[in-house]
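Fit chain B to the given chain A structure using the hints.
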Amino acid sequence: MNYELLHALADNQLDAETADRVRNEMQQDPEMASEFQAILDLKKFVQTHAVPVANDALWVSCQGRFREQARAKRVDSFVGRYAWAMSATVLGFIVVGGLMQRNSPAGNVESADIARIMMTMEPSVKAEAPSPVLKRWVQGAFALAQESAASNKLVVRYAEAFTVEGRPIERYFLRDGAGKLVLVVLPGVKSFNGLETVPGNSSVATGQMGKSNFVAWNNHGAGFVLIGDRKTADLAVLAERLDSTN
Amino acid sequence: MLFGKRNAKDAFERQAEKVFPSVFGTALRLTRSKEEAEDLAMEAMVRAYEAYERFDGSNFKAWLLRIVTNLYINRYRQRQRGPQLTSLEDDAIYEPVGSEAEIPDRMLFDEALGAEVEEALARVPVDFRVAVVLSDIEGLSYQEIAEATDVPIGTVRSRLARGRAMLRKALQGFAIHQGYIKETDTTNDEL
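Chains A and B are the protein sequences, given in the same order.
According to the numbering used here, numbering within the first sequence proceeds without interruption in unit steps and concludes at 246.
According to the numbering used here, numbering within the second sequence proceeds without interruption in unit steps and concludes at 191.
Treat the hints loosely; a few may be bogus.
Said to hold, decoys possible - To give a feel for the contact side, a few chain A residues facing chain B, derived at Cβ under 10 Å:
| # | residue |
| --- | --- |
| 1 | Tyr3 |
| 2 | Leu5 |
| 3 | Ile39 |
| 4 | Ala50 |
| 5 | Ala70 |
| 6 | Lys211 |
As the list claims (entries may be wrong) - If you anchor each label on the Cβ, the simulated ranges turn out as follows:
| # | chain 1 | residue 1 | chain 2 | residue 2 | range |
| --- | --- | --- | --- | --- | --- |
| 7 | B | Asp39 | A | Glu4 | 19 to 27 Å |
| 8 | A | Thr18 | B | Asn70 | 25 to 33 Å |
| 9 | A | Glu17 | B | Asp56 | 23 to 31 Å |
No lab work stands behind these hints: they were computed from the structure.
All values derive from a computational prediction rather than experimental measurement.
We put the beta carbon where it would ideally sit given N, CA and C, even for glycine.
Next up, chain B with everything else stripped away, as it sits in the complex:
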C-alpha cells in the first residue's frame, strides 16, 4: 500500500512535469503578472498533488488546467477585480489596456510570451480570454472548458465565438502584416 502511494506520487510528478509549462502559461495569461502566475501555478500544483488520488485518470492536463482556472476564478479574479460583472451581450467590456505597459510585471510578462499575441489576448475580457486560452492554446474540449469554468457548454461556445472575434480585431494589424489573416476577414466585427 505504501509503495502503491509512492508510485502514484511519482506518476503524478512525471505527468505534471510534462504539462507544467501549460499550467504556468495559463496562469500567466490569466493573471498577466509573473509573480501572481507563479503563486497561482504553485498553489494549483500543490492542490493537484493533494487531490491526485481523486483524479479519474481521463485527461491529466485538462484536470490540472481546471484546477488552475477554478483557483484563479475563485481566488484571484474576485479579489482583484471586485464585483465587476461581464455580460455576454456587452461587447464593449474590455480590460484597461492603456496603463498596463507601465506595470513592471507586465514587462516580465511580455518577455516570457510572444508580445503581439499576448497583447491582443490581454485586450479580451477575462471570461472570453479563458475560453480562448483553454481551447486554442491548450487544446481543451468544450466539455473540459465548461467543467473548468463551471458554465454550460452553450456558454463556452458563445464565449469562444465572441472571444475570437475580439482577438481577431485586436490582432488584425499584426496578423495581416504576417499574412495570417486576410484584410477582408476583419469585416465581421458584429461577432
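One chain only, chain A, in its complex shape:
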C-alpha cells in the first residue's frame, strides 16, 4: 500500500488517471479504504480545531508600517528622479554666482585687496594699453601738475593694463625728484574700506604696504592708489594736486 498516494488522493493532488487507480485499489483493499478514511477524518479534525488567528492590533501596526514604507519610497523616488535636476540647479547657482563675481568687479575694495593688487608683479593677462579715457586724464593730470611735492616735474615712465582676479587694473610707473611712485587705477571702484583717513583731508584715505605709504581716493568712476617711499602727507598733497586737475 502506497500511503503517500492515499494522502495525495485525500488532498486532491493526484491526476485523474492515478486517482481512479488508487480508488480501484481501495475498493479491493478494506484496510486501504480504512486508512484513507482515517486521513480524511484527521484533515477534518485539524481544519475544525486549528483556525486562523485574528490579531487586529498587529494588523493596524502593519498598516502603519505600510504607510511608512510608502512615504519613504515616495521620498526616495522623488530624490532619485529629480536628483540630477537638483544637482544641476545647485551647480547652476554656483556657476552663475562665480561668473557674476568674476564679471562684475565689486564697487568696494578692502584694504587687504589693495595690498594683494599692488603686490601682483606679473600681469595675469597680457598687458595692454590703458583705456583711452583714463590715459588722456592721466596725461592731462601730469601735464598740469607741473610741480610735485618735491618741486620737480612728474614723469610717466611707462604704463600697463591687465586684470587681477577678474578685476581690470591700470598701473602707471612714475618718477619725480623725490623718487619713484606707482599709481594704480581701478576702474569701477567707488570706495576703499578699512583704510585710515588723512587728517585734514577726508577725500583721501591712507595706509601702509611694507615700508611704503600709500594714499587712495576715488574720482572719475574709478579708484586711485598712489604708493611711494615717502611721507603720507606728501603723497596726499600730490594726490590732491592730481585729482584737482580734472
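Structure of chain B alone, referenced to chain A:
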C-alpha cells in the same frame, strides 16, 4: 502612473487584511511564540508590501504564506535551532515538549489557539509541521507548499504523510474521545 501604484497598494491592503489571520496563525504555529510570531508576521507583511509589484497575481494567500515560511526557515529556524538536522528516515526526532509548558509565551500561544490540536502539532518536528499546517490548515496545494519550503513535491508528499502520522499519534487520545478518530485507526504507527 502614480494613481496606478496607489491603487495597487490599496489592493494589497484589501487582500492582505483578509488573509492576515492565516499569516499570523502560520507564524504562531511555526515559531510557537506570540512575540516572535508577531515579529515574523510583521516582517513578512512588510516584505510582501515592498514586493507586491512582482506578485504574479495567481494565489495571494499562498504567496504571503510562502514569504512567511521562507522567512521563518531562513531567519528564525536557523538562528533558534542551530545546525540541527532532520532526516526523513528518522521518525524519532521530536521537538522537546516537556519544558514548553514552563515557557511564558507558551501560555499566550495556548490561549490564542486550540490547545489540544496545537499541543499535538507542537510535537511534530518543524519540517513536517510546516507541511501539515500549510496543507491542512491553510489549504495550499503540494506545488505551493513545495515552493514555500523550497523542496521537491515528492518531499512534500512524504512530509505530509509522516507529519500526519505523527500528528495522529499525538492526537489519538483527544480525537478518540471526541469521536474524530476511531481507535482502530491508530494502529498505523509505522507510517
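The hints, checked one at a time:
no., hint, in the structure
1, Tyr3, "5 Å, holds"
2, Leu5, "8 Å, holds"
3, Ile39, "7 Å, holds"
4, Ala50, "5 Å, holds"
5, Ala70, "6 Å, holds"
6, Lys211, "72 Å, violated"
7, B/Asp39 x A/Glu4: 19 to 27 Å, "35 Å, violated"
8, A/Thr18 x B/Asn70: 25 to 33 Å, "30 Å, holds"
9, A/Glu17 x B/Asp56: 23 to 31 Å, "29 Å, holds"
Comparing the model with each earlier hint shows violations of hints 6 and 7; every other hint is respected.
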